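What follows is the residue order along each chain.
There are 2 protein chains.
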Amino acid sequence: MSDLDYIRACIRDVPDFPKPGILFKDIAPLVEDAKGFMTTIDMMAARWADSGVERIAGLESRGFIFGCALAYKMGVGTALLRKPGKLPSDTVSVEYSLEYGTDSIEMHTDAVTSGMKVLLVDDLLATGGTAGAGLKLLRAQGAHIVGCAFVIELSFLHGRNALEGVPVDSLITY
Amino acid sequence: MSDLDYIRACIRDVPDFPKPGILFKDIAPLVEDAKGFMTTIDMMAARWADSGVERIAGLESRGFIFGCALAYKMGVGTALLRKPGKLPSDTVSVEYSLEYGTDSIEMHTDAVTSGMKVLLVDDLLATGGTAGAGLKLLRAQGAHIVGCAFVIELSFLHGRNALEGVPVDSLITY
Numbered sequence: 755m756s757d758l759d760y761i762r763a764c765i766r767d768v769p770d771f772p773k774p775g776i777l778f779k780d781i782a783p784l785v786e787d788a789k790g791f792m793t794t795i796d797m798m799a800a801r802w803a804d805s806g807v808e809r810i811a812g813l814e815s816r817g818f819i820f821g822c823a824l825a826y827k828m829g830v831g832t833a834l835l836r837k838p839g840k841l842p843s844d845t846v847s848v849e850y851s852l853e854y855g856t857d858s859i860e861m862h863t864d865a866v867t868s869g870m871k872v873l874l875v876d877d878l879l880a881t882g883g884t885a886g887a888g889l890k891l892l893r894a895q896g897a898h899i900v901g902c903a904f905v906i907e908l909s910f911l912h913g914r915n916a917l918e919g920v921p922v923d924s925l926i927t928y
Numbered sequence: 755m756s757d758l759d760y761i762r763a764c765i766r767d768v769p770d771f772p773k774p775g776i777l778f779k780d781i782a783p784l785v786e787d788a789k790g791f792m793t794t795i796d797m798m799a800a801r802w803a804d805s806g807v808e809r810i811a812g813l814e815s816r817g818f819i820f821g822c823a824l825a826y827k828m829g830v831g832t833a834l835l836r837k838p839g840k841l842p843s844d845t846v847s848v849e850y851s852l853e854y855g856t857d858s859i860e861m862h863t864d865a866v867t868s869g870m871k872v873l874l875v876d877d878l879l880a881t882g883g884t885a886g887a888g889l890k891l892l893r894a895q896g897a898h899i900v901g902c903a904f905v906i907e908l909s910f911l912h913g914r915n916a917l918e919g920v921p922v923d924s925l926i927t928y
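Chains A and B, in that order, give the protein sequences.
Mapping of the first sequence onto the working numbering: residues 755 to 928, in sequence order.
Mapping of the second sequence onto the working numbering: residues 755 to 928, in sequence order.
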C-alpha cells in the first residue's frame with residue numbers, strides 16, 4: 755500500500771454530518787493512527803521543503819492539529835488564526851461568508867511580520883471561505899504567502915478559486 | 755539562559771483577559787517562536803519518555819497545539835477531546851462545572867481502546883475542571899492514564915486536586 759493509500763484508508767466517511775445529505779470526511783482516525791499521522795506530516799513537510807517557509811499559519815482548530823506538528827517537523831513557529839474572542843492581545847480580524855450568514859477569524863497583530871514567508875495550513879479545503887479569509891488577514895500584516903497546505907481537498911467545491919495566485923497542495927482529493 | 759527560562763520568556767502576560775482582574779498567560783508568542791516551541795515539545799517528550807505512552811489525548815483547542823506536535827515527536831497518535839457537536843461519529847461526553855454554569859467535552863467512543871496507555875495534554879492547568887473531565891471520559895473507555903502534561907500550571911488554583919491519583923507534570927509553574 756502506498757503512503758497516500760494508507761492515509762486515505764485512515765479517513766472515515768460519516769454520512770449526514772453536520773446535516774442530512776453531507777458526507778463528512780472525518781480525520782479523527784487519521785490523527786489517532788501513529789503511522790497515518792506521521793506519514794501525513796512527513797509528506798506535507800516534503801512538499802514544502804523548498805518553499806523557504808518561515809512560519810506556519812494554523813486555522814483553529816483542526817488546522818492546529820496538522821499545522822503545529824508540521825511546524826515542529828519543519829523547525830518553524832506557528833501563527834494562530836482563531837475564532838473571535840479567543841486571542842488575548844491586540845488582534846486584527848476579517849469576516850467571511852458562510853452558506854447562511856457570516857463568521858470571522860482573528861489573529862494577533864504581531865503573529866507574523868512584514869515580508870515573512872508564511873504557509874497556511876488546514877485539514878480540509880472545501881469552499882475556501884476560511885482559508886481565503888486567513889490569507890486576507892496574513893496579507894494585511896504584510897506576510898508573503900508561500901502557499902496553502904491541506905490534507906484533504908473537496909475539489910467539486912472549487913475552493914481553489916478563493917485562493918487565487920497562491921500555490922495550493924492537498925494530499926488527498928475527492 | 756536555560757531552556758526553561760527561554761520558554762518562560764516566550765509566555766506573555768496579558769492583564770484583564772478574559773475579564774478584569776485576570777492576568778492571562780498567553781502562549782501565542784511561544785507557539786510562534788520556533789526555538790521556544792521545539793524546546794517545549796522536546797522537554798515534554800523527555801519527561802514522558804519512559805511512561806510507555808501509546809496515545810496522546812489532546813484537549814481542544816490549545817491542547818491540540820502541543821498535544822499533536824508531542825504525538826508526532828513521540829511517534830504515537832492523538833485522541834481528540836472536543837467541544838460538543840464537533841465530532842461526527844459515535845461519541846461519549848461528560849459535563850463539568852465552570853465558575854458559572856457547566857460545559858462539556860466529547861470524544862469518539864473508538865478514540866482509545868481498553869487498557870491503552872494515554873497521556874492527557876493541555877496548554878495550561880488552572881482549576882483542573884477540563885482536564886478532570888477528560889480523565890473521566892478516557893477512563894470510561896477503559897484507558898490507562900499514564901499522566902497529565904501541561905506547559906503551564908497556575909498552582910494557586912490547586913488544579914492537581916481534580917487529577918488525584920495521576921502523575922502531573924508542568925514545565926512552568928506560577
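The set of hints was computed from the structure by calculation and includes no laboratory data.
Please note: incorrect hints may appear among the correct ones.
[Said to hold, decoys possible] The calculated DSSO-like cross-link candidates involving lysine-lysine, where the alpha carbons are at most 27 Å apart (straight line), are:
hint	chain 1	residue 1	chain 2	residue 2
1	A	Lys779	B	Lys789
2	A	Lys773	B	Lys837
3	A	Lys789	A	Lys827
4	A	Lys789	A	Lys773
5	A	Lys890	B	Lys871
6	A	Lys827	B	Lys871
7	A	Lys837	A	Lys789
[What the hints assert, rightly or not] Going by beta-carbon spacing under 7 Å, a handful of chain B positions derived as facing chain A:
hint	residue
8	Val785
9	Asp787
10	Ile819
11	Ala823
12	Thr832
13	Leu834
14	Pro842
15	His862
All of these numbers come straight from a predicted model, not from anything done at the bench.
For glycine and all other residues, C-beta sits at the position ideal for the given N, C-alpha and C.
These are the hints, each one checked on the structure:
no.	hint	result
1	Lys779(A) <-> Lys789(B)	violated, 34 Å
2	Lys773(A) <-> Lys837(B)	holds, 18 Å
3	Lys789(A) <-> Lys827(A)	holds, 15 Å
4	Lys789(A) <-> Lys773(A)	violated, 31 Å
5	Lys890(A) <-> Lys871(B)	violated, 42 Å
6	Lys827(A) <-> Lys871(B)	holds, 24 Å
7	Lys837(A) <-> Lys789(A)	violated, 30 Å
8	Val785	holds, 5 Å
9	Asp787	holds, 5 Å
10	Ile819	holds, 5 Å
11	Ala823	holds, 4 Å
12	Thr832	holds, 5 Å
13	Leu834	holds, 6 Å
14	Pro842	holds, 4 Å
15	His862	holds, 6 Å
Violation of the numbered hints given earlier is confined to hints 1, 4, 5 and 7; the remaining hints are satisfied by the structure.
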